[in-house]
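Protein chains: 2
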Amino acid sequence: MSNGKTTAKIRLFVEHPLAQGQSVPLDRDQAHYLFGVMRLASGDGVLLFNGRDGEFLANVEDAGKRGGSLICAERTRPLQPPPDLWLLFAPIKKARTDFIVEKAAEMGAARICPVQTDFTNSERIRRDRLQAHAVEAAEQCGGTFVPDVTDLTRLSAMLDQWPSDRRLMFCDEERAGEGLGLRDAAPGPWAILIGPEGGFSAGERTRLAAMPQAVPVSLGPRILRADTAAVAAITVWQQALGDWR
Amino acid sequence: MSNGKTTAKIRLFVEHPLAQGQSVPLDRDQAHYLFGVMRLASGDGVLLFNGRDGEFLANVEDAGKRGGSLICAERTRPLQPPPDLWLLFAPIKKARTDFIVEKAAEMGAARICPVQTDFTNSERIRRDRLQAHAVEAAEQCGGTFVPDVTDLTRLSAMLDQWPSDRRLMFCDEERAGEGLGLRDAAPGPWAILIGPEGGFSAGERTRLAAMPQAVPVSLGPRILRADTAAVAAITVWQQALGDWR
Numbered sequence: 006m007s008n009g010k011t012t013a014k015i016r017l018f019v020e021h022p023l024a025q026g027q028s029v030p031l032d033r034d035q036a037h038y039l040f041g042v043m044r045l046a047s048g049d050g051v052l053l054f055n056g057r058d059g060e061f062l063a064n065v066e067d068a069g070k071r072g073g074s075l076i077c078a079e080r081t082r083p084l085q086p087p088p089d090l091w092l093l094f095a096p097i098k099k100a101r102t103d104f105i106v107e108k109a110a111e112m113g114a115a116r117i118c119p120v121q122t123d124f125t126n127s128e129r130i131r132r133d134r135l136q137a138h139a140v141e142a143a144e145q146c147g148g149t150f151v152p153d154v155t156d157l158t159r160l161s162a163m164l165d166q167w168p169s170d171r172r173l174m175f176c177d178e179e180r181a182g183e184g185l186g187l188r189d190a191a192p193g194p195w196a197i198l199i200g201p202e203g204g205f206s207a208g209e210r211t212r213l214a215a216m217p218q219a220v221p222v223s224l225g226p227r228i229l230r231a232d233t234a235a236v237a238a239i240t241v242w243q244q245a246l247g248d249w250r
Numbered sequence: 006m007s008n009g010k011t012t013a014k015i016r017l018f019v020e021h022p023l024a025q026g027q028s029v030p031l032d033r034d035q036a037h038y039l040f041g042v043m044r045l046a047s048g049d050g051v052l053l054f055n056g057r058d059g060e061f062l063a064n065v066e067d068a069g070k071r072g073g074s075l076i077c078a079e080r081t082r083p084l085q086p087p088p089d090l091w092l093l094f095a096p097i098k099k100a101r102t103d104f105i106v107e108k109a110a111e112m113g114a115a116r117i118c119p120v121q122t123d124f125t126n127s128e129r130i131r132r133d134r135l136q137a138h139a140v141e142a143a144e145q146c147g148g149t150f151v152p153d154v155t156d157l158t159r160l161s162a163m164l165d166q167w168p169s170d171r172r173l174m175f176c177d178e179e180r181a182g183e184g185l186g187l188r189d190a191a192p193g194p195w196a197i198l199i200g201p202e203g204g205f206s207a208g209e210r211t212r213l214a215a216m217p218q219a220v221p222v223s224l225g226p227r228i229l230r231a232d233t234a235a236v237a238a239i240t241v242w243q244q245a246l247g248d249w250r
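Going line by line, the protein sequences match chains A and B.
Note that our numbering has the first sequence beginning at 6, numbered continuously upward.
Note that our numbering has the second sequence beginning at 6, numbered continuously upward.
Because the hints were derived from the structure by calculation, they are not lab data.
This one's a predicted model, so the numbers in the text were calculated from it and none came from an experiment.
Treat the hints with caution; some may be incorrect.
If several chains are the same, the list does not tell them apart, and a pair holds so long as it fits within one copy or across any two.
Said to hold, decoys possible - In silico lysine to aspartate or glutamate, DMTMM-like type, Cα no more than 20 Å apart, as pairs:
| # | residue 1 | residue 2 |
| --- | --- | --- |
| 1 | K70 | E128 |
| 2 | K14 | E79 |
| 3 | K70 | D34 |
| 4 | K14 | D58 |
| 5 | K98 | D248 |
| 6 | K99 | D32 |
| 7 | K98 | E144 |
| 8 | K99 | D189 |
| 9 | K99 | D133 |
| 10 | K14 | E202 |
In isolation and in its complexed conformation, chain A is listed as follows (with noise of 0.2 Å):
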């Protein structure tokens, strides 16, 4: 039996309930990881987490080829669930997308919303894979919240549900070097939306203006890619009104 300490740097992401004493059951991408890969032995420790109970240290209960299973000692981290912060973006070239994703997780958003703009030119995604690149960012990131990544919606559809409680901060080019807007603004439930590469179309535009959800804000005068704008826009929006304050 080697020492859990030296093996506990492994964080893996499971959907069972996590709990001091609970035997959690591996499927068999999981065992072919821990035992295959890893080389983890019986007694080996690993760092659980399920996105709502916090992070475990569990030992390897019994190791197998197609399966086994680990039981949970303490816990060692409480769950940190992220403010109440929707991030939605048009899907751009694959690299980016992936990398929106992961960062979102990291920095603590709650839901990632994939939308179809009148200027996006993606017309589907693979919502498992962007789902686990959440995952992996917790894993790596020593989260223990994962966000749900939503299917690709049209964002017109999703601005006719709008919750009339749900601020929308909209990051908008063509506000650029104007003054940021989260000044006055008040914590709550939170969305943000960054557009496509091509920009907002005409139409897109005035309706959100026309939202009293709405609040522009300008990201600096220079031009930022989508990628960047959506980590700049997490910063901003998390410094202002999340759990960076």
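Add chain B to chain A, keeping to what the hints say.
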């Protein structure tokens, strides 16, 4: 002769001085790109910038296979110099290092300094390749300035000669969750220092803590990857002290 407006979306960085009526010679690579790849012909328009003189609309004067020239018409944008901000970071994996350089150039850093820390794995970088990334970011994002990427330098050697008037925003993972440190800070020469993936060594931490120029700043309660931290830190600084105010 085609309409200059339709092709003037191409933005090209050149070393040559720019002024109205100025003829600008093209090297072989530039001629290949403009005439071979982009199929420009005599009279077509291109936007030029050199990091010093702003942006000019220029028209093709001479289109050859191995060279050619453009002639500057009117200036389309003034030079927009960044604030006096350096970004110091420890190079990590290639894709994330490229990303940090691209983002720093996009967001308005004046100088980009790869540094070797006690826990940096990278022994060398391709400075010319990173500089080309900074140029490309400016070309694609409408920038008129290109930050210099300096050679890889030991952090300790830089700190030995650190200018007394340049403040150093030091992003310290161990201060995660503490208050941000820029509230009472004043503009002027600044640098941001992003630690390596393995964090700073105890020696580096002690040394930084003893520097009167150093200002420790927290980037929220979550652990961020180095590339995320770089974008978030530039955002925080630009909003508090830079030209996003």
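Right, here's what the structure says about each hint:
1. K70 x E128: Cα proximity of K70 and E128: none, with 39 Å in one copy and 39 Å across.
2. K14 x E79: Close inside one copy (15 Å), not across copies (59 Å); limit 20 Å.
3. K70 x D34: within (10 Å within a copy, 55 Å between copies)
4. K14 x D58: within (19 Å within a copy, 52 Å between copies)
5. K98 x D248: neither (30 Å within a copy, 29 Å between copies)
6. K99 x D32: For K99 and D32, neither the intra-copy (28 Å) nor the inter-copy (33 Å) Cα distance is at most 20 Å.
7. K98 x E144: Between. Shortest inter-copy distance 18 Å satisfies the 20 Å Cα cut-off; intra-copy 24 Å does not.
8. K99 x D189: Intra 36 Å, inter 41 Å, cutoff 20 Å: neither.
9. K99 x D133: The answer is within: 14 Å in one copy meets 20 Å, while 26 Å across copies does not.
10. K14 x E202: Between copies only: 14 Å across chains, 38 Å inside a chain, cut-off 20 Å.
Of the numbered hints given earlier, the model fails hints 1, 5, 6 and 8; all others are met.
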